[in-house]
Amino acid sequence: MAMKIGGRSFDKRAEQGVRDSYMRETVRTAQERLYTNKSQAEEELGDWEEWRSLSEKIRSHTVDNLDYYLERLSENVSKNGGHVYFAQTAAEANRYIQSIAERKEAKKVMKAKSMVTEEISMNEALEATGVEVIESDLGEYILQIDDHDPPSHIVAPALHKNKEQIKDTFSRRKGYQKTSKPEELTQFVRKKLRREFLEADIGITGCNFAVAESGSVALVTNEGNARLVTTIPKTHIAVMGMERVVPTWEELDILVSMLCRSAVGQKLTSYVTGLTGPKAQEDVDGPEEFHLVIVDNGRSNILGTPFQSALHCIRCAACINVCPVYRHIGGHAYGSIYPGPIGAVLSPLLEGYEDHQDLPYASSLCAACTDACPVKIPLHELLVEHRKVIAQEKKTTLGETFAMKGFGLVASSPRLFEMAAKTAPALLAPFTNKETIEKGPGPLKEWTAIRDFPGPKKERFRDWVKERNKGGAE
Amino acid sequence: MKVSLFITCLTDIFYPDVGKNVVELLERHGCEVDFPEKQTCCGQPAFNSGYHKDAKKAAKHMIETFEHAEKVVTPSGSCAAMFKEYPSLLKDEIRWRERAEQLAGKTYELTQFLYRVLHVTNTGATLQGVATYHTSCHMVRLLGETEAPYVLLSNVQGLELKELPNKQNCCGFGGTFAVKMSTISEQMVDEKVEHIEETEADVLIGADNGCLMNIGGRIQKEKKPIKVMHIAEVLNHREMGGGDV
Numbered sequence: 001m002a003m004k005i006g007g008r009s010f011d012k013r014a015e016q017g018v019r020d021s022y023m024r025e026t027v028r029t030a031q032e033r034l035y036t037n038k039s040q041a042e043e044e045l046g047d048w049e050e051w052r053s054l055s056e057k058i059r060s061h062t063v064d065n066l067d068y069y070l071e072r073l074s075e076n077v078s079k080n081g082g083h084v085y086f087a088q089t090a091a092e093a094n095r096y097i098q099s100i101a102e103r104k105e106a107k108k109v110m111k112a113k114s115m116v117t118e119e120i121s122m123n124e125a126l127e128a129t130g131v132e133v134i135e136s137d138l139g140e141y142i143l144q145i146d147d148h149d150p151p152s153h154i155v156a157p158a159l160h161k162n163k164e165q166i167k168d169t170f171s172r173r174k175g176y177q178k179t180s181k182p183e184e185l186t187q188f189v190r191k192k193l194r195r196e197f198l199e200a201d202i203g204i205t206g207c208n209f210a211v212a213e214s215g216s217v218a219l220v221t222n223e224g225n226a227r228l229v230t231t232i233p234k235t236h237i238a239v240m241g242m243e244r245v246v247p248t249w250e251e252l253d254i255l256v257s258m259l260c261r262s263a264v265g266q267k268l269t270s271y272v273t274g275l276t277g278p279k280a281q282e283d284v285d286g287p288e289e290f291h292l293v294i295v296d297n298g299r300s301n302i303l304g305t306p307f308q309s310a311l312h313c314i315r316c317a318a319c320i321n322v323c324p325v326y327r328h329i330g331g332h333a334y335g336s337i338y339p340g341p342i343g344a345v346l347s348p349l350l351e352g353y354e355d356h357q358d359l360p361y362a363s364s365l366c367a368a369c370t371d372a373c374p375v376k377i378p379l380h381e382l383l384v385e386h387r388k389v390i391a392q393e394k395k396t397t398l399g400e401t402f403a404m405k406g407f408g409l410v411a412s413s414p415r416l417f418e419m420a421a422k423t424a425p426a427l428l429a430p431f432t433n434k435e436t437i438e439k440g441p442g443p444l445k446e447w448t449a450i451r452d453f454p455g456p457k458k459e460r461f462r463d464w465v466k467e468r469n470k471g472g473a474e
Numbered sequence: 001m002k003v004s005l006f007i008t009c010l011t012d013i014f015y016p017d018v019g020k021n022v023v024e025l026l027e028r029h030g031c032e033v034d035f036p037e038k039q040t041c042c043g044q045p046a047f048n049s050g051y052h053k054d055a056k057k058a059a060k061h062m063i064e065t066f067e068h069a070e071k072v073v074t075p076s077g078s079c080a081a082m083f084k085e086y087p088s089l090l091k092d093e094i095r096w097r098e099r100a101e102q103l104a105g106k107t108y109e110l111t112q113f114l115y116r117v118l119h120v121t122n123t124g125a126t127l128q129g130v131a132t133y134h135t136s137c138h139m140v141r142l143l144g145e146t147e148a149p150y151v152l153l154s155n156v157q158g159l160e161l162k163e164l165p166n167k168q169n170c171c172g173f174g175g176t177f178a179v180k181m182s183t184i185s186e187q188m189v190d191e192k193v194e195h196i197e198e199t200e201a202d203v204l205i206g207a208d209n210g211c212l213m214n215i216g217g218r219i220q221k222e223k224k225p226i227k228v229m230h231i232a233e234v235l236n237h238r239e240m241g242g243g244d245v
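Protein chains in written order, with full-length UniProt numbering: chain A, 1 to 474; chain B, 1 to 245.
It is worth saying that the hints were derived from the structure and are not from the lab.
The beta carbon of each residue, even a glycine, is placed where N, CA and C say it ideally should be.
Each hint should be verified, as a subset may be incorrect.
[Stated by the list, open to error] Using C-beta positions, here's what the derived DEER-type ranges look like:
hint	chain 1	residue 1	chain 2	residue 2	range
1	B	Gly30	A	Glu459	21 to 31 angstroms
2	B	Pro225	A	Glu184	42 to 52 angstroms
3	B	Pro225	A	Asp11	26 to 36 angstroms
4	B	Lys53	A	Thr305	16 to 26 angstroms
5	A	Glu213	B	Lys91	50 to 60 angstroms
6	B	Glu24	A	His61	21 to 31 angstroms
7	B	Lys91	A	Lys163	47 to 57 angstroms
8	B	Lys53	A	Glu418	21 to 31 angstroms
9	B	Lys91	A	Asp168	51 to 61 angstroms
10	A	Thr179	B	Asp190	27 to 37 angstroms
11	A	Asp355	B	Glu24	45 to 55 angstroms
12	B	Asp190	A	Ser78	50 to 60 angstroms
13	A	Asp64	B	Lys91	16 to 26 angstroms
[Stated by the list, open to error] Okay, derived cross-link-like pairs now, DSBU-like style, lysine-lysine, Cα gap no bigger than 30 angstroms in a straight line:
hint	chain 1	residue 1	chain 2	residue 2
14	A	Lys470	B	Lys71
15	B	Lys20	B	Lys71
16	B	Lys106	A	Lys470
17	B	Lys20	A	Lys470
18	B	Lys38	B	Lys53
19	B	Lys106	B	Lys84
20	A	Lys405	B	Lys180
21	A	Lys445	A	Lys458
22	B	Lys180	B	Lys60
23	A	Lys457	B	Lys180
24	A	Lys457	A	Lys405
25	A	Lys388	B	Lys20
26	B	Lys84	B	Lys71
27	A	Lys234	A	Lys79
28	A	Lys394	B	Lys180
29	A	Lys445	A	Lys405
30	A	Lys395	B	Lys167
31	A	Lys376	B	Lys106
Turn these sequences into a full structure, and let the hints guide you.
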């Protein structure tokens, strides 16, 4: 499947992540830097909560009226001389893109960073027809030359690698001979890519937002490579998830501002580009042909469900940058190109529970994600919603179902609760070492392998209250 | 003021001393404390695991149990937040939803109640030592209470409070998460303990026995010389020799 990465079970992948001390160090440092930068950016802007509420309103209004805005977008792209293609599935999107490459007799495609093209495995589809695809985003380039290592973060795809590892990859694959200084590494790639840009037949980008009122595509980047991708090759294809539309430039302004601040703590990234159709007669540069591929790939199934707000996501990764689970296991452990809290919500929605059933449980429900989200997606609540679906469809273990049924019974009956509260200490008594339990039985084993468990007390709180009310206690 | 105490199942069974301190603390500030004996658990374990039918049973029982209460006070931000979740859990049953809203509206976490309802800023406590405070996720993010515990702790005589690095990060408890995802939970609690050690505090204070059972359990297992105290124990603490107020 397209989004799924890495084999094996979630547990195994998480264990592997936990053991990767280099990756964890890089992720920890990145999270702390991004957290500080984002907090500063929020403060500078002022009234952050109001901006969040406004952004949430914009996103929910747009997604509620998605059909309307997509139609307007499509009309306006056509009016500008561009082509629009609605792809219901990943395969449809790839077939359309392949057909353009074929018609153009394209040998080389330059790409800007795009998660939706990762989602539909577009590179593989093009490569299968003999087209060379070159990633021009530095992070994506590193991953591509490292045997197509999958991204581990939606904004910084190579976040799991440190500069030494990147230097090694460059020398192994591309004969790089300088140091691991980021400037030198970047210069090296820059030189290599310049030539490729001039030879490329097609440029393919994602789309941070599409503006319905003018039929424009907005790209938000820091490296500037996307501008070369969209201006040098004669054909530009933009691929967008169908929810990434905004009504007008006014809403674009607000959401871009929130995106930059939430993603990297910048007021604005180095490049924010608005592209409206192919090159006009009076233009000196720009592509002769423009295609907008609007990808559904499971999104419309989310509309009208309790998960609809997941479609409000603007892919800033703020939730990933604060997630304590992501912090310790890294992106690859999620087994999806969409990792972290938003990935744990989206992956089962777009690709089904079968491959992603563990993800909704990979959260302590600490709600740091919900708090960080610039468009107020209640991420931790959506994770619980997934757990609800999984429990309802009886995909959990029989033991858990029984335990929870039992829980419901006990928690709603004071008599049973009393009995349970009395027997628990008695059952635990044989395992007690002084005040604590160091090696517990059954499900307690998982707890006591890591932590001591409080030992049973002679008197419960309620016993004390009873005595006290009788006048027994002091 | 008449206050009905929701002690939480963890405190009832495993931390009765914390419960006693809660009662004394409330009484010290002029409250008449009522303990509805029928109370059980807020239902969060079932709710968080996605078993909402079972969670509803617990919710309805607790709504009935506390229906008579003027104010409900609980020494856990997480369990208080669960009470506030009831209206949405019962949104399809209009009568129950209304009753749930009433309960949610009169429920307070302990420090929140002291600070925001009773307007207490100083509980008259004394405790000699260096401490750090763990901000529980549900208290901060679901209840939105970021001030009360700090104000109250800052006025404990003799107590030096050190800021906990990365205090915004979860300790790794998360109820069933601690057992279900134990590999990850272990890393989270380990990092939390590391940061606590960095502060060189002798005492870790928290306002939620779930988090404290997790962090404290790890501290004990690793035999670290750090004492773990619930905030009720700190706010009710009097140095020996000092009589009751």
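Hint by hint, here is what the structure shows:
{"no.": "1", "hint": "Gly30(B) - Glu459(A): 21 to 31 angstroms", "result": "27 angstroms, holds"}
{"no.": "2", "hint": "Pro225(B) - Glu184(A): 42 to 52 angstroms", "result": "48 angstroms, holds"}
{"no.": "3", "hint": "Pro225(B) - Asp11(A): 26 to 36 angstroms", "result": "34 angstroms, holds"}
{"no.": "4", "hint": "Lys53(B) - Thr305(A): 16 to 26 angstroms", "result": "19 angstroms, holds"}
{"no.": "5", "hint": "Glu213(A) - Lys91(B): 50 to 60 angstroms", "result": "37 angstroms, violated"}
{"no.": "6", "hint": "Glu24(B) - His61(A): 21 to 31 angstroms", "result": "52 angstroms, violated"}
{"no.": "7", "hint": "Lys91(B) - Lys163(A): 47 to 57 angstroms", "result": "51 angstroms, holds"}
{"no.": "8", "hint": "Lys53(B) - Glu418(A): 21 to 31 angstroms", "result": "23 angstroms, holds"}
{"no.": "9", "hint": "Lys91(B) - Asp168(A): 51 to 61 angstroms", "result": "55 angstroms, holds"}
{"no.": "10", "hint": "Thr179(A) - Asp190(B): 27 to 37 angstroms", "result": "34 angstroms, holds"}
{"no.": "11", "hint": "Asp355(A) - Glu24(B): 45 to 55 angstroms", "result": "54 angstroms, holds"}
{"no.": "12", "hint": "Asp190(B) - Ser78(A): 50 to 60 angstroms", "result": "57 angstroms, holds"}
{"no.": "13", "hint": "Asp64(A) - Lys91(B): 16 to 26 angstroms", "result": "20 angstroms, holds"}
{"no.": "14", "hint": "Lys470(A) - Lys71(B)", "result": "24 angstroms, holds"}
{"no.": "15", "hint": "Lys20(B) - Lys71(B)", "result": "19 angstroms, holds"}
{"no.": "16", "hint": "Lys106(B) - Lys470(A)", "result": "28 angstroms, holds"}
{"no.": "17", "hint": "Lys20(B) - Lys470(A)", "result": "16 angstroms, holds"}
{"no.": "18", "hint": "Lys38(B) - Lys53(B)", "result": "20 angstroms, holds"}
{"no.": "19", "hint": "Lys106(B) - Lys84(B)", "result": "9 angstroms, holds"}
{"no.": "20", "hint": "Lys405(A) - Lys180(B)", "result": "18 angstroms, holds"}
{"no.": "21", "hint": "Lys445(A) - Lys458(A)", "result": "23 angstroms, holds"}
{"no.": "22", "hint": "Lys180(B) - Lys60(B)", "result": "27 angstroms, holds"}
{"no.": "23", "hint": "Lys457(A) - Lys180(B)", "result": "26 angstroms, holds"}
{"no.": "24", "hint": "Lys457(A) - Lys405(A)", "result": "27 angstroms, holds"}
{"no.": "25", "hint": "Lys388(A) - Lys20(B)", "result": "37 angstroms, violated"}
{"no.": "26", "hint": "Lys84(B) - Lys71(B)", "result": "13 angstroms, holds"}
{"no.": "27", "hint": "Lys234(A) - Lys79(A)", "result": "19 angstroms, holds"}
{"no.": "28", "hint": "Lys394(A) - Lys180(B)", "result": "17 angstroms, holds"}
{"no.": "29", "hint": "Lys445(A) - Lys405(A)", "result": "22 angstroms, holds"}
{"no.": "30", "hint": "Lys395(A) - Lys167(B)", "result": "36 angstroms, violated"}
{"no.": "31", "hint": "Lys376(A) - Lys106(B)", "result": "26 angstroms, holds"}
Checked against the numbered hints given earlier, the structure breaks hints 5, 6, 25, 30 and satisfies all the rest.
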